[in-house]
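Model the full assembly from the supplied sequences, consistent with the hints where possible.
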Amino acid sequence: MSHPTNSTRVYYLILAALLVLTGLTVVTAQADIGAWHTPLALAIAISKATLVVLFFMHANQSGKLTWVVILASVFMLFILLSMTLLDYLTRSWTQYW
Amino acid sequence: MSAAPHDITLAHHFDTLEEQHEASTLGMWMFLSTEVMFFGGLFAAYVVYRSWYPAAFVTGSTYGLNLPLGTINTVVLLVSSLTVVLAVHAAQTGSKQLATWLAVTLLLGAAFLGIKAIEWYHDYEVGLIPGIRWDDTAKSIWATANPPVPQREGEIFFLVYFCMTGLHALHMIIGLGIFGWLLYHAVHGRFTPRYHSPVEVAGLYWHFVDIVWIFLFPLLYLIRH
Chain A
1 MSHPTNSTRV YYLILAALLV LTGLTVVTAQ ADIGAWHTPL ALAIAISKAT LVVLFFMHAN
61 QSGKLTWVVI LASVFMLFIL LSMTLLDYLT RSWTQYW
Chain B
1 MSAAPHDITL AHHFDTLEEQ HEASTLGMWM FLSTEVMFFG GLFAAYVVYR SWYPAAFVTG
61 STYGLNLPLG TINTVVLLVS SLTVVLAVHA AQTGSKQLAT WLAVTLLLGA AFLGIKAIEW
121 YHDYEVGLIP GIRWDDTAKS IWATANPPVP QREGEIFFLV YFCMTGLHAL HMIIGLGIFG
181 WLLYHAVHGR FTPRYHSPVE VAGLYWHFVD IVWIFLFPLL YLIRH
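Keeping their order, the protein sequence lines are chains A and B. For the first sequence, position 40 (counting from the first letter as 1) is numbered 40 according to our numbering, and the numbering increases by one without interruption. For the second sequence, position 30 (counting from the first letter as 1) is numbered 30 according to our numbering, and the numbering increases by one without interruption.
By construction, these hints were calculated from the structure, which means they are not laboratory data. Hints should not be assumed to be uniformly reliable.
[What the hints assert, rightly or not] What the simulated footprint calls covered on chain B by chain A, stretch by stretch (three residues with Cβ under 8 Å from a Cβ of chain A suffice, anywhere in the stretch; the number is not a length): (1) 65 to 75; (2) 213 to 221.
[Unchecked claim] Examples of chain A residues toward chain B, derived with CB under 7 Å: (3) 11; (4) 37; (5) 45; (6) 50; (7) 52; (8) 84.
The C-beta atom is built at its ideal place from N, Cα and C for all residues, glycine as well.
Printed below as a string of structure tokens:
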């Protein structure tokens, strides 16, 4: 049985952090940072998702088997996206070195 | 091995309630890993099309989507994730607040879908739904872009937008159904600190749907370059 945390204060703090990050991503989208837009937006999104997985989904209290499933999913997704990009972004190359 | 009398919520192929609970949460995590690949495929399509047609994506995101409504929806879902985890906590502690938090979650989820309906209706009115109602006149956001964006590329952006937010909305609707079921059983006193796996497992599902939106929002609504 999952052990209930004594207080719900942590959850409210995490929500506050999530809302701050949301504000940050909206504000930085309007800023003039050129090519950094996408990496920054992704970094913020990944941070938000990590907070949700760790604290709202109680991954920080979960066993190793759960972690194997979480990390495997992320890994598979990473392969899907990186290998797809590797293909499509290099199709116009005429020289390979 | 538990020496307690047989608990009616304990299925006979498990030795203890703890084991049963671990199995059900692990099962949901495994299902969520399949969902990661399900949405992952659409994210891969997004990655390819955005790399091919960057201008269409910028124009569509800036002039075709409603950023204030998208932001509100993001906040709505984040708050609903909080109410979900508070519902789980209420179930764990046997608090009577359980039904309340479940009901609030339902309301927030419905609000999210309502706002999406408003957005989509607007897209229908101005002709931004490829194949159904599409504005290909010289007044469209594509023709008036600088430089003009080819119609086809604009259609592809919106196809990606509707497929991704549509699949997400379908998951929200299913989530509402699940939480309605949870609320019914919570009101009838089915969940106790000893047995509340359905609440936890449904919570995991809801958080996953929230995480998908956490990525959809910047990738669709915040493309400026």
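Going down the list of hints, with the structure as the test:
For a cut-off of 8 Å, the count of residues in the region 65 to 75 of chain B with a CB near a CB of chain A stands at 4, and the three-residue condition holds. For the region 213 to 221 of chain B, the assignment as covered by chain A holds, since 5 residues bring a beta-carbon within under 8 Å of that chain's beta-carbons and 3 suffice. The restraint placing residue 11 of chain A at the interface with chain B holds, with a minimum CB-CB distance near 5 Å, inside the 7 Å limit. About 5 Å separates the beta-carbon of residue 37 of chain A from the nearest beta-carbon of chain B, less than 7 Å, and the hint is met.
The criterion of a C-beta within 7 Å of any C-beta in chain B is met by residue 45 of chain A, whose closest approach is roughly 5 Å, and the hint holds. Given hint, residue 50 of chain A at the interface with chain B, is violated; its Cβ is 10 Å from that chain's nearest Cβ, farther than 7 Å. Hint status for residue 52 of chain A: holds, given a least beta-carbon distance of 5 Å to chain B, under 7 Å. Taking 7 Å as the C-beta cut-off, the interface hint given for residue 84 of chain A holds, the closest approach to chain B being about 5 Å.
In terms of the numbered hints stated before, the structure departs from hint 6 and from no other.
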